[in-house]
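All chains should be built: construct the whole structure from the sequences, respecting the hints.
Each chain is listed here by its residues.
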Amino acid sequence: MQLTIEQVRKVAQLARLEFTEEQLESFSAQLASIISFVEQLKDVDTEGVEVLSHPHALQDALREDEVQEGLSRQAALANAPAHDGECFLVPPVLG
Amino acid sequence: MTLDACQLVVGLEVHVQLRTQTKLFCGCPTIFGAPANTQVCPVCLGLPGALPVLNRRAVELAVQTGLALNCAIPARTKWDRKNYFYPDLPKGYQISQFDLPICGPGWLEFPDPDAPEHTLRVRLVRAHLEEDAGKSMHDEKSGRGDSRIDLNRAGTPLLEIVTEPDLRSPQAAKAFLTELRLLLTYLDVSDCNMQEGSLRVDANVNLHIDTPSGKVATPIVEVKNLNSFRAVERALAYEQQRQWQQWQRDGKQLGEVPKQTRGWDENQAVTVPQREKEESSDYRYFPDPDLVPIAIDAELIERCRACLGERPLELRLRLQQEYGLTAYDADVIVAQGRALVEYFEMVVAKGASAKRASSWLQQDVLRTLNEQNLTIEQFPIDADKLGELIAAVEKGELENSRARDVFQYYLGHPQAGLEQARAALGIVQVDDRELTELCQKLLDEHPQIVAQAKAGDLKGLGALIGAAKRRNPNVDPRKVRSICQHLIEQQG
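Protein chains in written order, with this note's numbering: chain U, 1 to 95; chain A, 1 to 492.
Everything labelled a hint here was simulated from the structure, so no lab data went into it.
Beta carbons: idealized from backbone N, C-alpha and C, even for Gly.
Keep in mind that the hints are not guaranteed to be accurate.
Okay, derived cross-link-like pairs now, BS3-like style, lysine-lysine, Cα gap no bigger than 30 Å in a straight line [unchecked claim]: (1) U:Lys-10 <-> A:Lys-224; (2) U:Lys-10 <-> A:Lys-252; (3) A:Lys-82 <-> U:Lys-42.
Reference excerpt, derived from the structure (chain A facing chain U, CB under 7 Å, subset only) [to be verified]: (4) Arg-19; (5) Thr-20; (6) Gln-21; (7) Thr-22; (8) Cys-28; (9) Leu-54; (10) Asp-290; (11) Val-292; (12) Ile-294.
Dropping the structure here:
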C-alpha cells in the first residue's frame, strides 16, 4: 500500500491538522504501513456473512422522552475560551 | 431554441423537527425561544466522556411519518457520524444515518396545481433521523466581530426527507410541500413552523434541454435559505431562467463543473452563490460506536400504523364520495386541519345538509376564526349548535338571514341555546294569515308596483320584500314573493 503526500495532506486538512513537509513524509510511510496491516482482513472469506454494524450484541438502548436536568448556563460556558455570559464566542462565522 | 425546449427538474430535501419533549440523544428540552444556552447538558455540548442515549419517542414519530409517506421500514437501522468542523457543531461530527436510514423508499401523492381533480406523485428516496446543530449569530454591531453560539438547538431531532428529482415546476414543488406540511400536521409529528425552523427546505435543481443532438442536462444547483413555500416557488422560477441563460452563454453540462450551492435572497429576488465549505462533500461517514443499532419489530410498526388516522388525500376523497362535496370544497375544509373536518361531520350529523354546512363553514366560521384569530377548538359555537341552527334553516323554521343573526348572537353568548337566541332576537314564526295581511297592505300602498307586475315586470317585488322585512324581520322573503304574486294574480 502506497500513500501519496497529497492524500496525507488532504486527510490532515479534513482533520484540521497542520504538518510540516517532513512530517507529511514520515506520516505517509507510517499511515501506509497501518493500512497494509489492516488490509490483511481482506483475505478473510466473508461470503454470506451479514455486515456487522456494531460489535455489541446489544440493541435498542432507548430512553423515555422525559426532560432531565442539564447544566446551568454558567456551568455550560465555564470552560469556553471566550463567552459573553450568554453565548459562546468564536471567530466570525460568515454566511 | 427557446425556453420551451427546457424542462425544469427539481428534487427537495426537507428537514422536519419532530415534536418531542426532549432532544434526540439527551434529556434536554427542545422549547423554542428559551434564553441562549439554558437547554444544554454534557451530551449535546459534546463534552468528553458524555454518552448519547436514543429517545424512544423520536423513533416512533419517525416510523409513523415513514408509514404515512408509504416508506419501506427496515427491520434494522443504525447511526453514523458525519464529520465536519463548524462552530455550531460542538462534537465535530453530527450523528446521522448513512446507509441504513429508518425510512426507506416511499412516495407522496398530492393535488396537481394545474388540475385539482388529479394528483401528482413524487417518489421519496429515504427519510433519516439526525440531530440538529446549534445556532450561530453574527453580530454586525460588535466591534470585535465575534460570532455568538447558542447550543439550545444542538441535538434536537430532525427527520430529513429526500425526494427523487420528480418535480417539474415551481408550482408543483410548492403543492408538494403544502401537502407534506398538511400531512405532518394531521399526524401531529411536528408543528411545521417555518419561522421557528421546524420545517426547512433545500432544493436541487437543473434543466433538461432538448437539443438537435439529444437531451442535455445542466449542472445541478442546490438552493438554500428558502424560508417559505413562496420563496421555494420564486427561487425555482428564478433558477429556471438563470440556468437557461447560463447554458446559452457557456453550454456547460452536468458533470463539467462542480455542484454549486446558491442562497435565495428574498429582497433582491435572486439566488447568489454561497461560499463553498472546503472539501464539503468529504464527510467520512462511519458507524457511531457510541450507539447500538435499533431493531424495528412488527409490533412497533403496527402500533405506529394504528396512530396514522385518515390522511388528507383519503379525507378529500371521502368528503367528496360520502357527502357529495366538490373537490374544491373538500380541499378547503381538509386544508384547515383534522379538527375542522370533525366539526364539519358533526354539523352534518345534526341534520344540516353537507352543501349548506360546507358553505357556512367556509364563509361564516372561517371568517370568524380569521377575524378573531381563533382555532376551531376555541370557537365559541360548538358543532352541535351550528348543526341544529342550519337544520332549522333546512326545515324552513328559520330564515337564512335570521340564522346569521342567531350565529352572531351565539358568538357573544356561548351558553345560549336556540330558544334563548330566538327570544332575545324576537324571532317568531310568522303565520300565513298575518303574512298575507302584511302583503296585501304593501300592495295597497304601492299600486305602481302592482301595475308593473300585471304588465309582466316583476322587478318591483324586490322592493316589497325589503319593505316587508323592515316591518317584520322574521318574514321569509321567498314566502313574501309568492304571496304577493298570488294576490296580484287574484286581482286579475
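Agreement of U:Lys-10 and A:Lys-224 with the hint, judged by alpha carbon distance not exceeding 30 Å: Holds - the C-alpha atoms of A:Lys-224 and U:Lys-10 are around 27 Å apart, at most 30 Å.
So, as I understand it, the hint says A:Cys-28 touches chain U; can you test that by seeing if any CB pair is closer than 7 Å? The hint holds - A:Cys-28 has a Cβ within 7 Å of chain U, the shortest such distance being about 5 Å.
Holds or violated: the hint that A:Thr-20 contacts chain U, with Cβ atoms closer than 7 Å. 5 Å, holds
Answer holds if the nearest beta-carbon of chain U is closer than 7 Å to that of A:Asp-290; otherwise answer violated. 10 Å, violated
Any CB of chain U closer than 7 Å to the CB of A:Val-292? 5 Å, holds
Grab the minimum C-beta distance from A:Ile-294 to chain U and call the hint holds if it beats 7 Å, violated otherwise. A:Ile-294 check passes; min Cβ-Cβ to chain U is 6 Å, inside 7 Å.
Answer holds if the nearest beta-carbon of chain U is closer than 7 Å to that of A:Arg-19; otherwise answer violated. 10 Å, violated
Would the stated hint for A:Leu-54 survive a check requiring a Cβ distance to chain U of less than 7 Å? 5 Å, holds
For the hint on A:Gln-21, does the least C-beta distance to chain U fall short of 7 Å? The hint holds - A:Gln-21 has a Cβ within 7 Å of chain U, the shortest such distance being about 5 Å.
U:Lys-10 and A:Lys-252 were given as a pair; does the straight-line alpha-carbon distance stay at or below 30 Å? 28 Å, holds
At a threshold of 7 Å, is the proposed contact between A:Thr-22 and chain U supported by beta-carbon distances? Holds. Min distance 5 Å.
Has the given pair, A:Lys-82 with U:Lys-42, been kept, meaning a C-alpha gap of at most 30 Å? 25 Å, holds
Of the numbered hints stated above, those contradicted by the structure are hints 4, 10, listed in ascending order.
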